[in-house]
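Enquirer: The primary structure of each chain is shown beneath.
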Amino acid sequence: MKLLVPVKRVLDYNVKPRVKADGSGVDLSNVKMSMNPFDEIAVEEAIRLREKSGGGEIVVVSIGEAKAQETLRTALAMGADRAILVVAEQKVEPLGVAKLLQAIVAEESPDLVILGKQAIDDDMGQTGQMLAGLLGWGQGTFASKVEVADGKVAVTREVDGGLETVSLTLPAIVTTDLRLNEPRYASLPNIMKAKAKPLANKTPADYGVDVAPRLETLKVVEPGKRQAGVVVANVDELVMKLQAMGIAK
Amino acid sequence: MQVYNAPLRDMRFVLHELFADDQFDAGNSAAFAEFTPDLYDAVLEEAARMSQEVLLPLNASGDLEGCTLENGVVRTPSGFREAYRLFREGGWAALASDPQWGGQGLPETVNKLVEEMTCSTNLSFGLYPGLTHGATTALESHGSEDLKQAYMPKMVSGEWAGTMCLTESHCGTDLGLLRTRADPQEDGSYRITGSKIFISAGDHDLTDNVIHLVLARLADAPKGVKGISLFLVPKFLPNDDGSVGPRNGVQVSGIEHKMGLKASATCQMSFDDAKGWIVGEPNKGLSAMFTMMNTERVSVGIQGLGVNEIAYQSAVAYARERLQGRALTGPKRPDLPADPIIVHPDVRRMLMTMRVYAEGCRAVGQWASRALDTQKHGETPELRARATDFVALMTPVVKALFTDLASEAANICVQTYGGHGYIREHGVEQFVRDARITQIYEGTNGVQALDLVGRKLAANMGRNMRPFFHAVSNLCEDMAGEGDKALAAQTAALQQAFGALQLTTATVARRAMKDGNEAGAAATDYLRMLGLVAMGYTFLKAARIATAKVAEDDGEVDFYRAKLITASFFFDRILPQATAGFLAIKSGAGSTMALAEDAF
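As given, the protein sequences belong to chains H and V, one line each in that order.
Take 1 as the starting number for the first sequence in the UniProt record's numbering and just add one per residue.
Take 1 as the starting number for the second sequence in the UniProt record's numbering and just add one per residue.
Just so you know, not all the hints are guaranteed correct.
Coverage of chain V stretches by chain H, computed from C-beta distances (three or more under 8 Å per stretch; other residues unrestricted) [said to hold, decoys possible]: (1) 88 to 100; (2) 545 to 559.
Here are the simulated lysine-lysine pairs, DSS-like style, with alpha carbons at most 25 Å apart [said to hold, decoys possible]: (3) K332/V to K20/H; (4) K549/V to K67/H; (5) K549/V to K32/H; (6) K145/H to K32/H; (7) K549/V to K20/H; (8) K67/H to K202/H; (9) K332/V to K225/H; (10) K284/V to K226/V; (11) K219/H to K2/H; (12) K16/H to K332/V; (13) K225/H to K91/H; (14) K586/V to K514/V.
No wet-lab data here; the hints were simulated from the structure.
Yeah, the Cβ is synthetic: ideal placement off N, Cα and C, and Gly gets one too.
Just need the whole structure built from these sequences, with the hints factored in.
Expert: Set out below in structure tokens:
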């Protein structure tokens, strides 16, 4: 079984983001970057599916700055087989990413593409769905369980109010939720082997994809400080306050 | 609270930048040719994750729960088995071991940084793989081919653990007194009988087998240290296929109740006609054991560094959030009911002190680690010999200096927390209790100082000192020649301390020829002086690099600016202690030894 897993290099989840003074974005100079946690779950799931199916290949892809190579090496150290790095120094929006992935899928013909449901830097949460649309493939998003059998994949999804299981014919798109698995630590021998695994360097032009942004960011600001709350004596007082604020009638 | 983020940037600094021009350059040798700097960075990153996510959460809980002995079996605290499994399966136990035995063959420079992270986040845990590593070092150097084939692969991988059994109830430092007996058998093995105490990791539930390296005496052996032999005694005798076989005559008779390091099982072991095999030659056991001891002593220094770092970070976290009083120069945070205590100069003094200790020890430790690699893999026999001399000199310094400073840093951390550090809730008093043993085991720090002054200075007409003295004097000359104004005062400070050290060295050597007590009374102060000069050397080198980097403005200016300030603090506020040492030693042994014994 052949699996394709896109991974994104993002601000590490432990780092408190700081907005640049000019409000043009988040300051990424000299801060720790790492693999998007949802993508880590996607890599782990791919490794488990390959282990279960007794063979196959895992190709990891990253689109972004040249340093995303480190993120790909992390995925290779976890157990992926080879990597493709599409170097794009400017920001690539979900549609651009999806189009690039569409072109890579055409070359690689994977049985399954597993993506994180969203990246924790911009929280767009669109790439998997757009890719499914562009390819005309079935999609199982927000997966908490993935089972492949007989040319189909059963995806249990975390939806409002419970779990929903959908069955998709392969090839298909799966996006991962937090509870799908717990990613492994890369072992030392695998970190060392990862150095020797193939990593192809590409550009968007190699795939003939225009990744020029469609969106314009006007301003990035820090979330407003939370105001101290008040304790109300009873429900009536709560309703009165809400009415006074114009929230309840 | 116990706060730790691996200091990866400083680790990369000491690994890649600080010693790029150093004489001990085995990092470039064929043994490590296939490794690249970014591989080392990836290894450090993953080690940091393991330490922070797996080991740190078990540090306080392991301390609280401790080890237990039930029906002759030692149980480690909850979570330790799983953590050890992850650690072993991840290949971390075999990081620096020879690939011939299944190791990864990474250099000691990287290994010691990984050890630091392990010891920061869980010193007790670190002892289990640490002792196994020490045991494999002795076995590799002195064991017979059969023994190595039977034990090395499983011990290197961490599937089986190792111990070192030296101490008996009546003999610690003076091993010449030991009584454990070994009787030769017809099949070439020996029967070992006797009792040992203070055996770290003597028994536990982390591995299927525990392999003891035991010092014992043959019946016809000469008295004293020249009659000691080293034996390998497994808890379970292996079958021919390598699986675990019948139980050997080794029992845990008790576990010690200790001040700290509670998740590390410290065992009393009794050997009752236990089957063992000799390691090395009869009556040469002590030197075989010292192969292990020397490796371990450097590692114990790194343990100290580890505790120092987490104590520093935990203190900083608290100093940022604890609101008390106002800055002496007027409120810094008028929006808050009080300023965070980090505004106060005396709190700054504490934080900066811990910081320079950690960064200074990390740099000196890295220097010694480079020599460890170079004594094995250096290109020429002369270079290897020089590295061996340097390792011999620095081993007692790394062990005693790092652990003394660690205890000091742990206490300063508690002081930063005030009463909240003294109660258990915040977990920082554990640092004091855990660090305390590092000044004692593997040879007390007093013994380290005697080793430095009594053996290392005198050996081969002071040859051990040369690589160190040359490095320091060359740097001072270079810096003076460069005419760097910004670092002129620091260069002068190092020159002065170095001059005092040289003078003291000559004085101690001269006096010691007439009166052994002179060397003994000077030893501890002398070791500290030498350690301070070694730290000063690394800080001056660091400041030189940082000055250039700040001028380049390469995007990491903040890191290098901080390095310059940290170095300044060292030269301004810590290095002057070398002068105090100089004066103290100059006064001689007189007042130390004058009081009649019965007047105490």
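Enquirer: Give a verdict on every hint.
Expert: Checked hints:
1. Only residues whose beta carbon comes within less than 8 Å of a beta carbon in chain H count, and the stretch 88 to 100 of chain V has 6; three or more means the coverage holds.
2. Coverage of a stretch by a chain is defined here by at least three residues with a beta carbon nearer than 8 Å to that chain's beta carbons; for the stretch 545 to 559 of chain V and chain H the count is 4, and the condition holds.
3. Our distance criterion of 25 Å between C-alpha atoms is met by K332/V and K20/H, whose separation comes to about 24 Å.
4. As the CA atoms of K549/V and K67/H are separated by approximately 21 Å, the hinted pair is consistent with the 25 Å bound.
5. Pair hint K549/V plus K32/H holds up; C-alpha atoms about 20 Å apart against a cutoff of 25 Å.
6. Between K145/H and K32/H, the direct Cα distance comes to roughly 30 Å. Violation of the 25 Å bound is thereby established for this hinted pair.
7. A distance of roughly 24 Å separates the Cα atoms of K549/V and K20/H; the hinted pair therefore holds under the 25 Å criterion.
8. At most 25 Å may separate the alpha-carbon atoms for a hinted pair to count; K67/H and K202/H meet this at roughly 13 Å.
9. For the given pair, K332/V sits about 20 Å from K225/H by alpha-carbon distance, which is consistent with the 25 Å threshold.
10. Between the alpha carbons of K284/V and K226/V the distance comes to roughly 7 Å, so the proposed pair stays at or under 25 Å and holds.
11. Taken as a hint, the K219/H and K2/H pair is broken in the structure, with Cα atoms around 41 Å apart against an allowance of 25 Å.
12. Taken as a hint, the K16/H and K332/V pair is honoured in the structure, with Cα atoms around 22 Å apart against an allowance of 25 Å.
13. A hinted pair counts as satisfied when its Cα atoms are at most 25 Å apart, and K225/H with K91/H does not qualify at roughly 28 Å.
14. Between the alpha carbons of K586/V and K514/V the distance comes to roughly 15 Å, so the proposed pair stays at or under 25 Å and holds.
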